[in-house]
Amino acid sequence: MKLATTLLAGLLAISLASHGIAQDASKPVDSKPASAEKGGDEAKPRQNDRPRRNRVREAGASRGAEVGKPAPEFTLKSVDGTEYTLAMLKGKTVVLEWFSPYCPVSAGGDGSYWGSGNASKVLAAVKAADADAVYLTVNSTKDGLDGKSTEQNGIDSTAAIKAQGQSVPVLLDADGKVGRAYGAKTTPHIFIVDARGTVAYIGAPMSDDGATDYVTNAVTALKAGKPVEPSHTKNKGCSIKYAAPASPETPVAPAT
Amino acid sequence: MPSASVPAVAKLAPTLVTAADGSLAIAVDLAMLPHWHIYWSNPGDSGGATKLEAVCPPGWKVGAPRMPRPEVHGSSEDRAFGWEGEVRFLLPIVEHPEPMPATIAVSVKAEWMVCRESCLLGSATLTGSVSTAAVPSPPARAYPEPAHSTMRVRVEEGATHSTLVIEAPKSLVGEGALFVPDDSPGVRFVDGTGPFAATTNETACVWELEFEIDPALVAGAQARVRGLVLAGAKINDRAFEISQLLRVPKVRDAGKAP
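Those sequence lines, one after another, are chains A and B. Under my numbering, think of the first position of the first sequence as 4, with each following residue one higher. Under my numbering, think of the first position of the second sequence as 811, with each following residue one higher.
Bound-form chain B, shown alone (with noise of 0.2 Å):
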């Protein structure tokens, strides 16, 4: 139990679970004194982000952990994207041996910063033998769904900057949907740390958010604009994520050094 100087505990659940999407996971959950959070990762205008890394004995192949949708804390002068009270992260199981066995071995360094007005950095290494009789998952918080089919989104290229354009459906986020901006190395939003609000026309909310890519901070050859549409305000409202890739420039654009 998290306690005053431990405000948040990790634990590996007993068993593995099945996500809403009928996925196979390990399951971390991480409980939290009342006013402590932790954050997403993408932590905000501070904070620092909560990080989960499984070993599994040979066979076995795990993915990166699915975090359940953020909520938004604190003020617009520090604005927190994280959790509050309990939260559940999903390591979910890529590969596995056939048939699988009745139990999996697993090991899982997780790692976070917990504040209130004070902070402290956590970590655990959860140890244990994980049956494999795979149990629902409680849907107390909605874990983002991919956007492909339900949104229209493109990147338009500028001179100095590049705009991230989003569009979607009213009838899928509502009005008060918000775009928050996920880690995206190099990517750099023109207008901070958001979250962004949308504007709307007849039938869509839309986004139009101008970022900066940086090369020298591109990791790999790669770089994506990254973020979660947040449909409505509530921790089991939907989120959608939006991952686009980029055309990293090879020289700094123009205007941009000081």
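Chain A extracted, bound-state conformation (with noise of 0.2 Å):
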């Protein structure tokens, strides 16, 4: 659908020309009608629906999952063996928080998300807003990053969200395929998925001066039956070091 946008937008080109306006960032863009201005940045009011005519985004990125959309369903073990489905968490809000402890803004060192006590803090905070959310941390660092075993990571992970004083089951994802489902990019990458399976909230845990906990926010919008407000934030963090992607499929003929 995105592809056949961007075809008939390219066929549909028309030129700028006659209505572009020479930029001057000094003036706020308002919502007058573009017959009632003689120049100047202001914006015009558009129909999103109109074919765009010529945007064009580098190829390649999968939009992973995406807020109001179902969120992608998983099978994953825990360091201690259990298996997880986000089927069999449905009915509770889901927070998915990828990870890693050796990332320095995630849980490597005293200043990460972990080692200040901010997950912590989050982690109380949310339990606080809804004693059902379940808290899940996701490792898709592939096997053999620096050495370590999938194996070892695990045992890190545990390792420092316990040096915490917290237990939470950390979900081994080696193979890289429901990070790459999720379209998580960094640890740590918060992903809550409400009660009936939707994807709510994507981004960071917290701002940037840790004033303001992403989490709670929703977790709590979401309980109140509210929307998460805000529903996206930039992410940032250490990039997620994936397994390469495996090798498609042999396409299968079809039965004559």
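Keep in mind the hints are simulated off the structure, nothing from the lab. Don't take each hint at face value.
Each pair of labels, with its calculated beta carbon distance range [unchecked claim]:
(1) A:Ala162 / B:Arg926: 22 to 30 Å
(2) B:Ser917 / A:Ala162: 33 to 41 Å
(3) A:Gly228 / B:Pro956: 41 to 49 Å
(4) B:Ser981 / A:Lys229: 49 to 57 Å
With the C-beta cut set under 10 Å, the calculated list includes, among others, these residues of chain A facing chain B [unchecked claim]:
(5) Gly112
(6) Lys188
(7) Thr190
(8) Ser242
Bear in mind that the values here come from a model prediction, so they are computed numbers and not experimental data. Glycine residues also receive a C-beta, built at the ideal position from the N, C-alpha and C atoms.
Can you join these two chains into the complex? Each is in its own frame, and there are hints to help.
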């Protein structure tokens, strides 16, 4: 659909020259109709369903999970061997945090989200907001990165969480399928799934200055049946070192 | 010198420098081991922005850091905007005493995240007496220049999102030009991190980029949609700053919330 829209947009290319406006960064955008303006950089009302002329995104990246859409199903085992599926958690708010014990933003060191104690504060606040909410960490690091096996990575992950006095399952996703399905990019990277299995929040656990706890905000809103605002924030942290994706299966010829 | 345990090292230049546009600046150089990189103000899909802050004596005022145009690293799965090798940051002098003394006591705090496969956080407080006998800064990398007179830029507002439209003359940017979004609190491009390629007509490269504004995340009263148009792929090819002031909606647009 997206591709079709882009192609259509290309076919319907219209010169911008007739209504291009020179940039003037000093003026705010407002919603006055275009016809009322003689110039400047004011916004012009538009129909969002109008075919876009030529927007192109560099090809490649999949979108992953999207707010308002069903969360990708998963089956993953935790470090202790317990199997978790998203289906079995239906009816509960689920917080998924992509995690690395070696990343200085996630859990590697005193200044990290976990090492600073911020994660513990968020966990306590989430439980206070909704006692039934489930908080899971996911480790999608490939096997053998920096000489560490997935097993060792899992042990180190559990130890980093335990060092903060917490007990949170660490789900292992060494082939990266679940991380890719969600579009997880960094550690940390938070995805919150509501009780119906719909993605409600994607982004950072907290604001850069630590003043806003986006995770608890979202869990509290969901518990109250309110919209999650903000539903997206900019995540930052170490990139997830995924295993190379499996080769696509050889297409099977249709039966004749 | 950078080493395996400290893969990025920052250094304060001993003299003020004059940038290509003639402005005066304090220069901070960051050198990295091969294959390691640090990040631009919008790091991309991952990473953390490089930050610099200068403290100068009374009578001196330093503006926001000027970063050279970023390189685009990584795969489509993990785009990083930043630099490898050596990179110079400029802290523009916007006020100084007259006549200028021969030296200025400067303190610059620098913070960065440096990554290869693994990542490390780095920081340094660089202090020193910097000569005001300015020397030209070597133009190894291009620094973004304003796009005011060279491009046509506007924002179109829609019911659920807005669209940033940029029209850049082909003669200026070439057909391979990219738009890289900069850090714009409260602004989220619908198609993700970028970079975004242009389509072209006879005379121009054109971008139409949809974005959403989240009032809950706008810092202060004003929001801007910001980014760079990168002409060419080389580190010394020109880059143009786009910075468009936005009207921030008071209520969330229908259909955005889950």
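Hint by hint, here is what the structure shows:
Here the CB-CB span from Ala162 of chain A to Arg926 of chain B is close to 24 Å, well matched to the stated 22 to 30 Å. Checked against the hint of 33 to 41 Å, the C-beta distance between Ser917 of chain B and Ala162 of chain A comes to roughly 39 Å, which is consistent with it. At about 47 Å, the beta-carbon gap between Gly228 of chain A and Pro956 of chain B stays in the expected band of 41 to 49 Å. Restraint check, Ser981 of chain B to Lys229 of chain A: a C-beta distance of roughly 52 Å satisfies the suggested window 49 to 57 Å.
For Gly112 of chain A, the shortest C-beta to C-beta distance to chain B is roughly 8 Å, which falls under 10 Å, so the interface hint holds. Using the Cβ-Cβ criterion of 10 Å, the hint placing Lys188 of chain A at the interface with chain B is satisfied: the shortest such distance is roughly 4 Å. For the restraint placing Thr190 of chain A at the interface with chain B, the shortest Cβ-Cβ distance is roughly 9 Å, inside the 10 Å limit, so the hint holds. At about 4 Å, the closest approach between the beta carbon of Ser242 of chain A and any beta carbon in chain B falls short of 10 Å, and the interface hint on this residue holds.
Hint violations for this structure: none, all hints satisfied.
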